[in-house]
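The chain contents come next:
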Amino acid sequence: MSDIVASLGILVDIKVLLGIAFGTFLGLVMGALPGLTATMAIALLIPLTFGFPPEVGIGMLLGAFCGAVAGGAVPAILLNVPGTPSSVASTLDGFPMTRRGEAGRALGLAIASSFVGGMLGALLLILFAPPIATFALRFGPAEFFSLAILGLVVIAAVSTKSILKGLIAGGLGIFLSTVGSDPITGVLRFTMGEPSLITGVNLLPALIGLFAISQVFQDVFERIYKKKEPLKKQALTSARPPWGALRRAWKVIASSTLIGTLVGAIPGAGGSVASFLSYDQARRMSKTPEKFGTGHDEGLIATESSNNAMASGALIPMLTLGVPGEVATAVLMGGLTIQGIRPGPMLFEQSGALIYSIFIAFLLANIFMFLIQLFGIKLFVQILRVKEAYLMPSILVLSLLGVYAATGNTFDMYLALAFGALGFLLNVFGFGTAPVILGLILGGIAESNLRRGMTVFNGDWTRFFTQPISLALLAATVLLLFFLFRKKSPQSYGSGE
Amino acid sequence: MTHLFRLLFDALLALFLGTMLFQANQLPVGGGVGISPAFFPRLALVFGLVLTLIVLIRDVMLFLRQRKASTPHISYKAVAYFILLMAMTTGYVVFSEAMGFIVVTTLFLFVTVAGYKAMLVGEGESRSVWSAGSLLSSLLFAGGFSIVAYVVFSYVFKVTLP
Numbered sequence: 001m002s003d004i005v006a007s008l009g010i011l012v013d014i015k016v017l018l019g020i021a022f023g024t025f026l027g028l029v030m031g032a033l034p035g036l037t038a039t040m041a042i043a044l045l046i047p048l049t050f051g052f053p054p055e056v057g058i059g060m061l062l063g064a065f066c067g068a069v070a071g072g073a074v075p076a077i078l079l080n081v082p083g084t085p086s087s088v089a090s091t092l093d094g095f096p097m098t099r100r101g102e103a104g105r106a107l108g109l110a111i112a113s114s115f116v117g118g119m120l121g122a123l124l125l126i127l128f129a130p131p132i133a134t135f136a137l138r139f140g141p142a143e144f145f146s147l148a149i150l151g152l153v154v155i156a157a158v159s160t161k162s163i164l165k166g167l168i169a170g171g172l173g174i175f176l177s178t179v180g181s182d183p184i185t186g187v188l189r190f191t192m193g194e195p196s197l198i199t200g201v202n203l204l205p206a207l208i209g210l211f212a213i214s215q216v217f218q219d220v221f222e223r224i225y226k227k228k229e230p231l232k233k234q235a236l237t238s239a240r241p242p243w244g245a246l247r248r249a250w251k252v253i254a255s256s257t258l259i260g261t262l263v264g265a266i267p268g269a270g271g272s273v274a275s276f277l278s279y280d281q282a283r284r285m286s287k288t289p290e291k292f293g294t295g296h297d298e299g300l301i302a303t304e305s306s307n308n309a310m311a312s313g314a315l316i317p318m319l320t321l322g323v324p325g326e327v328a329t330a331v332l333m334g335g336l337t338i339q340g341i342r343p344g345p346m347l348f349e350q351s352g353a354l355i356y357s358i359f360i361a362f363l364l365a366n367i368f369m370f371l372i373q374l375f376g377i378k379l380f381v382q383i384l385r386v387k388e389a390y391l392m393p394s395i396l397v398l399s400l401l402g403v404y405a406a407t408g409n410t411f412d413m414y415l416a417l418a419f420g421a422l423g424f425l426l427n428v429f430g431f432g433t434a435p436v437i438l439g440l441i442l443g444g445i446a447e448s449n450l451r452r453g454m455t456v457f458n459g460d461w462t463r464f465f466t467q468p469i470s471l472a473l474l475a476a477t478v479l480l481l482f483f484l485f486r487k488k489s490p491q492s493y494g495s496g497e
Numbered sequence: 001m002t003h004l005f006r007l008l009f010d011a012l013l014a015l016f017l018g019t020m021l022f023q024a025n026q027l028p029v030g031g032g033v034g035i036s037p038a039f040f041p042r043l044a045l046v047f048g049l050v051l052t053l054i055v056l057i058r059d060v061m062l063f064l065r066q067r068k069a070s071t072p073h074i075s076y077k078a079v080a081y082f083i084l085l086m087a088m089t090t091g092y093v094v095f096s097e098a099m100g101f102i103v104v105t106t107l108f109l110f111v112t113v114a115g116y117k118a119m120l121v122g123e124g125e126s127r128s129v130w131s132a133g134s135l136l137s138s139l140l141f142a143g144g145f146s147i148v149a150y151v152v153f154s155y156v157f158k159v160t161l162p
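Protein sequences appear in the order of chains Y and U. Read left to right, the first sequence gives residues 1 to 497 (full-length UniProt numbering). Read left to right, the second sequence gives residues 1 to 162 (full-length UniProt numbering).
To be clear, the hints were calculated from the coordinates, so they are not data collected in a lab. Glycine included, each C-beta is placed from N, C-alpha and C at the ideal position. Accuracy of the hints is not assured; some may be wrong.
Cross-link-like lysine-lysine pairs, in silico, BS3-like; alpha carbons within 27 Å at most [what the hints assert, rightly or not]: (1) Y:K387 <-> U:K77; (2) Y:K291 <-> Y:K251; (3) Y:K15 <-> U:K77; (4) Y:K251 <-> Y:K287.
To spell it out: a stretch of chain Y is covered by chain U in this simulated footprint if at least three of its residues, at any positions, have a beta carbon under 8 Å from a beta carbon of chain U; those stretches are [as the list claims (entries may be wrong)]: (5) 168-179; (6) 182-193; (7) 212-221; (8) 405-418; (9) 443-450.
Bound-form chain U, shown alone:
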């Protein structure tokens, strides 16, 4: 993981905690011996924010010291698949109600399984992943899994799926 991404994450986390702390300060403050509903979240957020800032400062120092560190070997196929997987998973959640469980699950599994196989070429996956046989096995798995999952959840667990 490059130092820059680490710094970016630290900064975003600090920003998030700071924003939430600002929101916590808008909560009503109670009186008397009881503790207000704002007290505990404020405590957690101040604690988290202070420690995040310490980590951020340490990481900045580390970044300045190790800027010239060599870049590790990156598999661009894995990067592409990672982005595809994130996008497909988000799409799966967004479209599951509109498209229905079986269709969206089959589509999701077919694309992600075929994509995974493509990523693994050269790492034990020797067959051509774009051959008709390989694509058919991915499609059969995707369809079969979706139908079995639908039947199990609908009829065994009595869950109404989208």
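So that you can see chain Y by itself, here it is in the shape it has in the complex:
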């Protein structure tokens, strides 16, 4: 209880409030720009969080995550171009409404649905996260090792089209996590004589390189093979939420929020799965299913409330177990790690006030997201007119500048550039970048717990398979791989493009 009271302090801390508002605004902007994702928004914000206390930095990152998920609806509704993968389903009913001349009403519905779904999802997060973390307190080295392996396999298997290539990228990330001085013996591993690598590969240049720089390279590269359609100009005066329509669709909101939170909590399922499942469920429940896809309120309400509930659900495994379920939370976890916060059950045990601050910050981010979109919708429509010619090179400069500002080390700029090139190649050839970053984060956890376990168990490695929870986690890993290999076509094992 004292933790909750202590965490309420952030409600009156103007720095924290401004941090959340700024992060949310940036997330909304990035989400609204097609091609820029929540992942990139978080990665670009991380360097700026260094100069602030952890509560402010975390608030900014959570705001960016929350805002980017919601911001994707703007181009989806106005242009039929989803700003983020999770807003793909919003084009189904959002764009037909725009074509009918109801763009303001569609945006109003999307904004309000995102807000309601986000708030309800955040409440479910607050309800379910602590008991899961309490259960995870039983974990020892064997369980943490197995959990890290499960997390890696999940993200490697589901974040790319090819399971094998995802696993290779995960292996590469684990290898990179071993670079530097061995924490037990002090032996230097793979430093190639570079003093900056003695402490290991810095997470920040890796994050920025893999998720921001590589994205710019990829965006330009894609133009080599296909033409991008220029965005059409849109005019909009207001986006007032039709609250009556929302009240009538309370069943749709309830089911979509639940589906969004549950799917978000399942590692690897992701936002587009959540929104399509919610859409389908809403259609089944509807008295007028034939109207879905023609610009129907219920369709848009289902996808948007599910999207933001999914963001809350995705935080559950990341915060409680230290295992992010998808790419944006993997980067968010990287940002928290850089802030000196290691997500997992021990965080709930040792820093209860911080955890509740995170919960409150997430609730606030949803409120800010609603208010900023409600009063600034004209601005977000204008953002769609920003020319890529100015945007993409500026992102490159901000990425490299952010790395330099945070570390003050030119070597890290080279490292970010190298990771950018690596990330670009991995994406182009279908390996994906999320497994690399997760390997980099979880590789250290897996190795330290493997070595600790071997010492505790007097060298008996079979104990990793005989501890019940560890065995269950390893069995889940094997089962997951089995089903994924069975589900995907043989061709997809190799080529992931």
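Dock chain U against the given chain Y, drawing on the hints supplied.
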């Protein structure tokens, strides 16, 4: 993406992992119940190398089957810009300390923004990108962005930029 480039990447990745595995084998091996510092990187590298070789073999088979696949339409302007962007970004990092932040950022942004506009001609960018007005707007943006970024990072975030 042509199959040949994919094969080349698979081969280079396998070569990299193999070289690192060779280096991992040079690391000292510990005794007793503890695990040596070489164990975990070796495990990751063997795992990665074996899977990469499987992917390489699959891609070779795919290459042999689909050699006569039609070549997709390529925008040579985009190829040129992509090469320019990679070169300029590398140059930006290399010369940032020697030339100073504002100069190198202005130069980088001016060239990359103007180049991007040139790439987009015919794709929504209708004005002549080499006109004085277009070049001036690119230059103003580049200079303005560099100065604003310098002021924000130097005075707000108290970061000493090169």
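Here's how the hints hold up against the structure:
no.	hint	result
1	Y:K387 <-> U:K77	holds, 18 Å
2	Y:K291 <-> Y:K251	holds, 17 Å
3	Y:K15 <-> U:K77	violated, 47 Å
4	Y:K251 <-> Y:K287	holds, 12 Å
5	168-179	holds (count 6)
6	182-193	holds (count 6)
7	212-221	holds (count 5)
8	405-418	holds (count 6)
9	443-450	holds (count 4)
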